[in-house]
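Chains A and B are the protein sequences, given in the same order. Its first residue numbered 1, the first sequence is counted upward by one per residue in full-length UniProt numbering. Its first residue numbered 1, the second sequence is counted upward by one per residue in full-length UniProt numbering.
Misleading hints may appear alongside valid ones.
So, partial list: chain A residues that the calculated Cβ filter (under 7 Å) puts toward chain B [what the hints assert, rightly or not]:
| no. | residue |
| --- | --- |
| 1 | Leu25 |
| 2 | Asn36 |
| 3 | Asp39 |
| 4 | Val40 |
DSSO-like mimics (lysine-lysine), calculated; alpha carbons at most 30 Å apart, straight line [said to hold, decoys possible]:
| no. | chain 1 | residue 1 | chain 2 | residue 2 |
| --- | --- | --- | --- | --- |
| 5 | B | Lys126 | A | Lys14 |
| 6 | B | Lys200 | B | Lys214 |
| 7 | B | Lys127 | B | Lys179 |
| 8 | A | Lys91 | A | Lys14 |
| 9 | B | Lys200 | B | Lys126 |
| 10 | B | Lys59 | B | Lys127 |
| 11 | B | Lys130 | A | Lys14 |
| 12 | A | Lys14 | B | Lys127 |
| 13 | B | Lys179 | B | Lys220 |
Hint data in this document are derived by calculation from the structure and do not stem from the laboratory. Note that the structure is a prediction, hence the values are computed from the model and not measured. Each residue gets a CB set at the ideal place from its N, CA and C atoms; glycine is no exception.
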Amino acid sequence: MKNWPLWEVFIRSKNGLEHRHCGSLHASDATMALENARDVYTRRMEGVSIWVVPSSQITASNPELNGETFEPAMDKAYRHPTFYELPDELKHM
Amino acid sequence: MNNNLIQYIYGIADNSLILGQRLGELCGHGPSLETDIALTNISLDLFGQVRSYYQYAAKIQGNDTTEDTIAFLRKEREYKNVLLVEQPNADFAYSITRQFLFDMFHIELLNELQNSKDETLAAIAKKSIKEVSYHVRFSSDWMRRLGDGTEESNQRVQTAVNDLWVFTDELFHQTDADKAMVSEGIGVDVTQLKQSYYHKVSAILEEATIEVPKIEYFQKGGKQGIHSEYMGYILNEMQYMQRTYPNMNW
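Working from the sequences, and respecting the hints, build out all of it.
Dropping the structure here:
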C-alpha cells in the first residue's frame, strides 16, 4: 500500500460552485481514489461532487522561478478590476 | 410491553453494535490511513443505526431503560447478535470478508424491513439503507480487489471466506420472537432471503476468483444468546466504562 500512487482531490461544496482542491491521498486506481476521497474528505457533508486526478499528471510551476514568474505582476495595479462598482446582487466574485 | 418486539429489535440491532465495535478496534490500526477512516466511518454508521433501534426498544420497555443501559449493561446471553459479527480482525482480508458477508445480508434485510407494519422500524430501515448500500459497495469492491489481486491477497481472502462461511447460515435462522413478529407483519421472514443472498454472494466471489466453500455443517447460537469465546472479550472492553463508572456521561 505504500507504493500506491498519490491523487489530488477536488471537492465541489455545492452546485454552482467550482471544484476546489482540498487535499491528497493514496489509492491504487481512480475508483479507489474516489471512494477514499468520499471517506476522507466528505464525512461532514463537505461536498456534492468529487474529482480525483493523479498527482503525477499535474505540471507545477517551479518555486525557484517564483521571482520572474510572479513578481512582475506586483506593481501593475491597473490590471486589477478594482475600478468597477459591483452590484450587490453579484455573489461569488 | 411487547417482549417479542424487543427481542426482535435486539436481534437486528445487536449485529450492528458488535460489528461496529469490531470495526472500531481498527481505529488507528487500519492498513492505510484511507481504509482506516473508511472502516471507522462504517462503524459509526452502524452505531448511529443501533442508537435508533435501542432508543425505540427503550421507549417500549419504559422504566429506567435507556439506549445506554441496553448497549452497555446487558449480560452476554442477552445479546442476540449472530456469531459472524463477533469474529476477530485476524487480518484485513478477514475484516473485509466479515463485512462483505454481513453487508450482503444487511441490505436484503433492510429492503424488506422498509415494508414493516411497525412504522418506527420501517423508518429506521429506510434511513439506514443509503448507508448500507455504500457498505455493500465498499466491501464487495474490496473482495474483488483482494480476491483478484496478488497471489497472497487471493489466498488470504480465500482463507477468510473458508473460515467465515460456517457462520453465514445462522443469518437465516428464526427465533421464536422472529416468527411471532413475522406473523404480525412486523418482522422480516429471513428464510425468504437465503436463496437470493447465496446467489448474490457467490456471483461476487466468482468475480473475485474466490471459490465458494462447499460445507454442510454450519455454526449457530448467537441468536439464542450462546456466543463464541470472543464475545466475552468484546463486551469486557465495550462495557468497561459504564461498569467502572456507572451512569457516566460524556
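For the hint on Leu25 (chain A), does the least C-beta distance to chain B fall short of 7 Å?
5 Å, holds
Sort out whether Lys220 (chain B) lies within 30 Å of Lys179 (chain B), counting only the CA atoms.
Status holds; Cα separation ~17 Å.
Do the alpha carbons of Lys200 (chain B) and Lys214 (chain B) lie within 30 Å of each other, as the hint requires?
16 Å, holds
Take the C-alpha atoms of Lys200 (chain B) and Lys126 (chain B), compute the straight-line distance between them, and say whether it is at most 30 Å.
21 Å, holds
Check whether the Cα positions of Lys130 (chain B) and Lys14 (chain A) lie no farther apart than 30 Å.
20 Å, holds
Does Lys127 (chain B) sit within 30 Å of Lys59 (chain B), going by the straight-line distance between their CA atoms?
19 Å, holds
Taking only the CA atoms, is the gap from Lys91 (chain A) to Lys14 (chain A) under or equal to 30 Å?
Status holds; Cα separation ~14 Å.
Given the hinted pair Lys14 (chain A) and Lys127 (chain B), is their alpha-carbon gap at most 30 Å?
Within the cut-off at roughly 23 Å; holds.
30 Å limit on alpha-carbon distance, applied to hinted pair Lys127 (chain B) and Lys179 (chain B):
25 Å, holds
Should the hint that Asp39 (chain A) touches chain B count as held when the rule is a Cβ pair under 7 Å?
Holds, about 4 Å.
Can the hint on Asn36 (chain A) be confirmed by a CB-to-CB distance to chain B that is less than 7 Å?
This interface hint holds because 4 Å falls under the 7 Å limit.
Hint check: Lys126 (chain B) vs Lys14 (chain A), CA-CA at most 30 Å. Holds or violated?
25 Å, holds
Checked against the numbered hints above, the structure violates none of them.
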